[in-house]
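K.L.:
Protein chains in written order, with our numbering: chain A, 1 to 359; chain B, 360 to 487.
Because the hints were derived from the structure by calculation, they are not lab data. Check each hint, because a few of them may be wrong.
[As the list claims (entries may be wrong)] Distance ranges between label pairs, derived from CB positions:
1. Ser-459/B with Gln-161/A: 50 to 58 angstroms
2. Ala-330/A with Asp-457/B: 38 to 46 angstroms
3. Thr-387/B with Leu-207/A: 27 to 35 angstroms
4. Glu-67/A with Asp-457/B: 38 to 46 angstroms
5. Lys-414/B with Ser-157/A: 51 to 59 angstroms
6. Thr-380/B with Gly-338/A: 54 to 62 angstroms
7. Pro-458/B with Ala-252/A: 28 to 36 angstroms
8. Ser-157/A with Thr-387/B: 45 to 53 angstroms
9. Glu-230/A with Val-471/B: 50 to 58 angstroms
10. Arg-416/B with Ala-252/A: 15 to 23 angstroms
11. Thr-380/B with Gln-285/A: 56 to 64 angstroms
Only a predicted model underlies this, so the values are computations on that prediction, with no experimental measurement involved. We put the CB at the ideal spot given by N, CA and C, even for glycine.
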Amino acid sequence: MIDADVHQESITIEQLLPWIEPGIRNYISNSNFTMPGYLFPNPDHLVRQDAIADAGVPGSDYELFKEQYLDALDVDYAIVNGGSILLASCLPNTQVVAGISVGYNRWLTEEWLPRDTRLRGALMVPSQQPEIAAQIIRDFGDKPGIVQVTLTFGSTSGYGQPHYHPIFEAAVEMNLRVALHQGAEGSGINAPPATGYPRYFVEYHALAPIAAMAHTTSLICHGVFEKYPELGVVISEGGILWLPGMLWRLDADWKGLRVEVPWVKRAPSEILFEQMRFTTHPLEQPSGDGDLAQMLEAIGGLENVLMFATGYPRWDSDSPSSVLERVPEAWHDAVMEGNARSFYDLPPSSAGNGANGAG
Amino acid sequence: MSAAHESVSLALAELPPGSATTVEAFGTTVAVFNTGSELYAIDNTCPHQQGPLCKGRVGGTLLPSKPYAYEYGLDGRVVTCPWHKWQFDLADGTAIFDPSVRVPTYDARVDVDAGQIVISPTPSGTAS
Numbered sequence: 001m002i003d004a005d006v007h008q009e010s011i012t013i014e015q016l017l018p019w020i021e022p023g024i025r026n027y028i029s030n031s032n033f034t035m036p037g038y039l040f041p042n043p044d045h046l047v048r049q050d051a052i053a054d055a056g057v058p059g060s061d062y063e064l065f066k067e068q069y070l071d072a073l074d075v076d077y078a079i080v081n082g083g084s085i086l087l088a089s090c091l092p093n094t095q096v097v098a099g100i101s102v103g104y105n106r107w108l109t110e111e112w113l114p115r116d117t118r119l120r121g122a123l124m125v126p127s128q129q130p131e132i133a134a135q136i137i138r139d140f141g142d143k144p145g146i147v148q149v150t151l152t153f154g155s156t157s158g159y160g161q162p163h164y165h166p167i168f169e170a171a172v173e174m175n176l177r178v179a180l181h182q183g184a185e186g187s188g189i190n191a192p193p194a195t196g197y198p199r200y201f202v203e204y205h206a207l208a209p210i211a212a213m214a215h216t217t218s219l220i221c222h223g224v225f226e227k228y229p230e231l232g233v234v235i236s237e238g239g240i241l242w243l244p245g246m247l248w249r250l251d252a253d254w255k256g257l258r259v260e261v262p263w264v265k266r267a268p269s270e271i272l273f274e275q276m277r278f279t280t281h282p283l284e285q286p287s288g289d290g291d292l293a294q295m296l297e298a299i300g301g302l303e304n305v306l307m308f309a310t311g312y313p314r315w316d317s318d319s320p321s322s323v324l325e326r327v328p329e330a331w332h333d334a335v336m337e338g339n340a341r342s343f344y345d346l347p348p349s350s351a352g353n354g355a356n357g358a359g
Numbered sequence: 360m361s362a363a364h365e366s367v368s369l370a371l372a373e374l375p376p377g378s379a380t381t382v383e384a385f386g387t388t389v390a391v392f393n394t395g396s397e398l399y400a401i402d403n404t405c406p407h408q409q410g411p412l413c414k415g416r417v418g419g420t421l422l423p424s425k426p427y428a429y430e431y432g433l434d435g436r437v438v439t440c441p442w443h444k445w446q447f448d449l450a451d452g453t454a455i456f457d458p459s460v461r462v463p464t465y466d467a468r469v470d471v472d473a474g475q476i477v478i479s480p481t482p483s484g485t486a487s
C-alpha cells in the first residue's frame with residue numbers, strides 16, 4: 001500500500017529553530033512572532049489523540065509514527081506532506097516564510113526522511129513569492145527522498161495565475177510533483193473561501209471541494225498543463241465526487257467558450273485525467289453500501305487518477321479497509337498502489353525499514 | 360425536393376455576399392453561405408442541440424495557441440452556432456474544438472452561365 005498523504009505533526013516552530021538560518025531565527029526569537037493558528041479550529045482536536053507521543057521525548061514521534069502507522073498498516077511508501085507548519089503560507093513576510101521553509105526542508109531531508117526507507121517527502125515553499133519558492137525547489141529538489149512540493153489550498157489566487165508559474169517550472173525541472181493540499185484558506189493574506197468566511201469548522205471542512213475545484217479550473221484554464229506538459233499535480237483532501245459534475249460542466253462550457261482560452265487545446269477532462277491526481281482521503285461516505293462505488297464507476301477514467309491516502313493522523317483519516325469497501329473492487333490495485341507508484345515513479349517496495357539512502 | 364444524390368440549385372441573386380440561406384437537399388436541410396470570397400454548403404443542423412447553423416455568424420476563430428496568446432485565424436471560414444457557440448470549419452465541417460466532431464459538408468459552386476449556385480454531394484461523401 002502506498003499512502004499519498006500523511007502528516008508528520010511533530011514539528012513546531014520552536015523545534016524548527018535550530019534548522020533555521022541565524023538571521024530569521026533571531027527575528028523569530030526576538031520579535032513577537034507567532035505561527036498562524038487555524039482560522040477554523042476543529043472543535044475537538046485536529047489530530048487523533050492517540051497519535052500524540054509522550055511530551056518532552058524528542059524523536060519519540062517517529063517511533064510512534066512507525067509503530068502506530070507505518071508498521072501497523074504495512075505501508076510500502078508514505079508521502080509525508082508536513083503539518084500545521086504549512087500554514088506559514090499565509091504570512092505577509094515572505095522572507096520569514098522562506099527562512100521557515102528552508103529550515104523545515106533541512107529538518108525534513110536531514111532528520112526525518114533518513115529514518116525510514118518507506119518515507120518520501122514534500123518540500124515546503126513560500127508560495128507568496130514564487131521566485132524564491134522556485135529557488136528553494138532547485139536547492140532541495142534532488143535531496144534523497146524528495147518527490148513533491150506541497151502548497152496549501154489557501155493562496156492569494158488560483159494557482160493557474162501566471163505569477164505562480166515559476167513554482168511549476170522548478171518542480172518540473174527537478175522532476176517533482178506538486179500537491180495542492182487543503183488548509184490555510186482565508187488565513188492571513190490568503191483569499192477568503194468562496195462566498196466569504198464561514199463561521200464554523202464543519203462548514204469549512206465540508207466545503208473543501210470548492211477550493212479544489214477553483215484551483216483545478218484555474219490550472220487548466222490558464223494553460224499551465226499546456227505550458228508544462230511534464231507537470232503532475234495532485235489535489236489532497238479536496239474530495240473527489242465533485243469531479244464528474246465540474247468536469248462535465250467545464251467540458252461543455254469549453255466547447256462554446258474556448259475562444260477565450262484557445263491554449264486549452266483539448267477537453268479539460270482529458271487534460272485533467274492525464275496530468276492531475278486526487279487522493280482519496282477523506283473519501284466521501286455514502287449513506288448506502290455500494291453507492292459510492294457505483295457513482296465512481298459511472299465516471300470514466302477515475303480509476304487512473306485516484307490515489308489512496310490515510311490522512312494519518314488527522315481526525316478524519318481513513319483506514320485502508322474502509323476505503324477498499326467504498327471503491328470498486330476492480331480498482332483496488334490501482335488506487336491502493338499502482339497509480340501512486342507510477343505518479344511518483346517509486347521503485348519496487350523496499351523490504352522493511354532501514355536508513356533511507358536513496359530517493 | 361431532390362433525390363438523395365441529385366444536385367440542387369438556387370439563383371445566385373438569392374445569396375448575395377455576406378448572406379446565408381437554406382435549401383432542402385439530400386434528405387436534409389443544407390445551409391449555404393456566400394462569404395464574399397467563397398461559397399460553402401454544410402448541414403444546417405448543429406450536432407449539439409440542433410441549432411440552425413445558417414443563422415450563425417461567419418468569421419474566424421482563435422487558433423490553438425501557446426498560453427496567453429490570442430492568434431486569430433481561419434477568417435471567413437468559421438461559422439459559430441447561434442445557440443451554444445460551437446464553431447465549425449465551413450470548409451470541412453469539423454468542429455474547431457474537436458475535429459472528430461463534424462457536420463456533413465457539400466459542394467457548392469457557381470454556374471455562371473445559368474446564374475445559379477449548384478449544390479451537390481461532395482466526391483468524398485462527407486455527408487455520412
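K.L.:
Confirm or reject each hint.
P.N.:
So, going through the hints one by one against the coordinates:
Take Ser-459/B and Gln-161/A: their Cβ atoms lie about 32 angstroms apart, and the range 50 to 58 angstroms is violated. Distance hint check for Ala-330/A and Asp-457/B: the Cβ-Cβ separation is about 29 angstroms, which falls outside the suggested range of 38 to 46 angstroms. Roughly 49 angstroms separates the CB atoms of Thr-387/B and Leu-207/A, a value that falls outside the hinted 27 to 35 angstroms. Range check, Glu-67/A to Asp-457/B: Cβ separation about 53 angstroms, and the 38 to 46 angstroms hint is violated.
About 39 angstroms separates the C-beta atoms of Lys-414/B and Ser-157/A, a value inconsistent with the hinted range of 51 to 59 angstroms. A beta carbon spacing of about 57 angstroms between Thr-380/B and Gly-338/A agrees with the range 54 to 62 angstroms that was offered as a hint. Range check, Pro-458/B to Ala-252/A: about 18 angstroms between beta-carbon atoms, so the 28 to 36 angstroms window is missed. In this structure the supplied range 45 to 53 angstroms holds for Ser-157/A paired with Thr-387/B, their Cβ-Cβ distance being about 48 angstroms.
As the Cβ distance of Glu-230/A to Val-471/B is approximately 57 angstroms, the hint placing it in 50 to 58 angstroms holds. Taken as a hint, the range 15 to 23 angstroms holds for the pair Arg-416/B and Ala-252/A, whose Cβ atoms sit roughly 20 angstroms apart. Under the hint 56 to 64 angstroms, the C-beta atoms of Thr-380/B and Gln-285/A, about 58 angstroms apart, fit the expected range.
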